[in-house]
Amino acid sequence: MTTWTDYLLSDSPASRRQARLGQAYRKWLAFRRNPLAMVGLCIIVALLLVAAFAPLIATADPLAQNLDRRLLPPSGTNIFGTDSLGRDIFSRIVYGTRVTLVIVLLVVVSVGPIGLLIGATSGYLGGWVDRLLMRITDVFLAFPRLVLALAFVAALGPGLENAVIAIAITAWPPYARVARAETQIIRQQDYIAAIRLQGASQWRIVWKHVVPMCLPSLIVRTTLDMAGIILIAAGLGFLGLGAQPPIPEWGAMISAGREQIFDQWWVATFPGIAICVVALGFNLLGDGLRDVMDAR
Amino acid sequence: MTTEPAIRVENLNVSFGDSHVVKDLSFSVASGESYGIVGESGSGKSTVLRVLSGLNRHWSGTVEIAGQTQPKIRDKAFYRAVQMVFQDPYGSLHPKKTVDDTLAEPLAIHAIGDAETRIGRAMSEVGLPASFRFRYPHQLSGGQRQRVAIARALVLEPTILLLDEPTSALDVSIQAEVLNLLQALRHERKLTYILVSHDLAVVAHMCQRLLVMQFGQGVEEMTAQTLAARTPKTDYARQLLTASEGFRRV
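For the record, the sequence lines run as chains A and B. If you use the working numbering, the first sequence corresponds to residues 94 to 389, in order. If you use the working numbering, the second sequence corresponds to residues 24 to 273, in order.
Chain A with its partners taken away, still in its complex shape:
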């Protein structure tokens, strides 16, 4: 026990890997001191576990309809009640974590690198490249995200994949902006001048020296943004343009419960709580990460 903490916290690491691990461990120690961030982390870990073990956790088939048991209030057999087609709401929420995670992961994987590449290139090269890329960014930023996403989905046709594409297309501009602002500060630094004096190519400078400095703030921003991404996905689902029935998507579930909202409150309430909790989890995690990673 003590030997590996000694290994990680050593003042003079003996290898590249030990230095990296030690650095990560120090970050983890700082992160652990923030209780709210730990709550966020627990929520996200729980989300991952529920998604992974959904068949074990769900009490019924999320797609199985039973019109004899429609709109039943929460009880022992259906702990969150049943919806208008008699499907078990708890099981649908459990399977819905998979849909949510797929959306979040696809958006993050596509948006982060695009925003980073465009922002860092624009900020480092400056000149007409910067002007061109930033005007394109401004065009995307000028529209409200949900409205733009709506327009894209309307053009591409409703569906989960198209919703992801639409969200990704509308989500990258703020990342490019952040990366550009960071890059403009970083490129003035002496350590970038030093690497230029070693004869490094511009690509090498941007990728190996500028991008690592932009990463922490972008990771933080992505985590904070995930809440927004979930909400937009839910919004598209609610408007019928996201995941199509019978896929158990939380936004679409709220939408389906809209008609019964006064008489059968549970149909819309539980998916709403699920969205709320997951969004909160990502937000708390993002806040904690910011404290750890942005400390300069």
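Worth flagging that the hints you see were computed from the coordinates, not collected in a lab. Treat the numbers as computed from the prediction; the structure is a model and nothing was measured. Every residue gets a Cβ at the ideal spot worked out from N, C-alpha and C, and that includes glycine. Fair warning: there could be bad hints in the mix.
Residues from chain B that face chain A, not an exhaustive set, calculated with beta carbons under 8 Å [to be verified]: (1) His43; (2) His117; (3) Gln162; (4) Ser164.
With chain A fixed as given, assemble chain B onto it according to the hints.
Leaving out everything else, chain B in the frame of chain A:
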């Protein structure tokens, strides 16, 4: 030695927009010599260094390194011959790179093999213990950081080293250590130095000849003997000398 000078600068002019920062500056530095440039802040001395290193591209005039006229955009061979040490060791090391990364990068750029031994040798030459190799800059003191910066400049085995106030950001007790290290390295490797400083004592200790600059112009070139004897020819150089000893007496 009567061979061609290591560095020759003729009629160098630098302007940023309306301000004319360096005006018609000419000087030459012999191979193996240590040449000082002194002046108050804003006199254009650091700008001269940035032109020589290729960081500043808004200049006109002639710059020759080892007899070759230099274009505004330098090639890779230039960077192997000329390296620079920056003023602030807190800003000149990448905060997310270990000492090892910092020293390995120039070798990777120039596709030089044998990185292990070269890094080890560079570290021992600047007096850094091998146990510091995988530390991050924030785990090093100012003097140790400057040693890393010097090692980074030396790892490509240049013949000319440009020093931009290499000790002014350091503690007084560390300054002497770093200066002595630079002296020793120059003798060992027969390096040519250009040292920019506002500190006459540093220049007197390090350089054989020096140039006094004011408002972007070269005021007077003198030898270290002239500086030691305190017999400069121009008024401004005399003023600068008096100012530098101002707080010696109480």
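Does the interface hint hold: is Gln162/B within less than 8 Å of chain A, judged Cβ to Cβ? OK, holds: Gln162/B within 8 Å of chain A, min 7 Å.
Given hint His43/B near chain A, where the shortest CB pair must fall under 8 Å: violated (23 Å)
When the nearest CB of chain A is found for His117/B, is that gap smaller than 8 Å? holds (4 Å)
Would the hint on Ser164/B be counted as holding, given a Cβ-Cβ threshold of 8 Å to chain A? violated (13 Å)
When the structure is compared with the earlier hints, violations turn up for hints 1, 4 and for no others.
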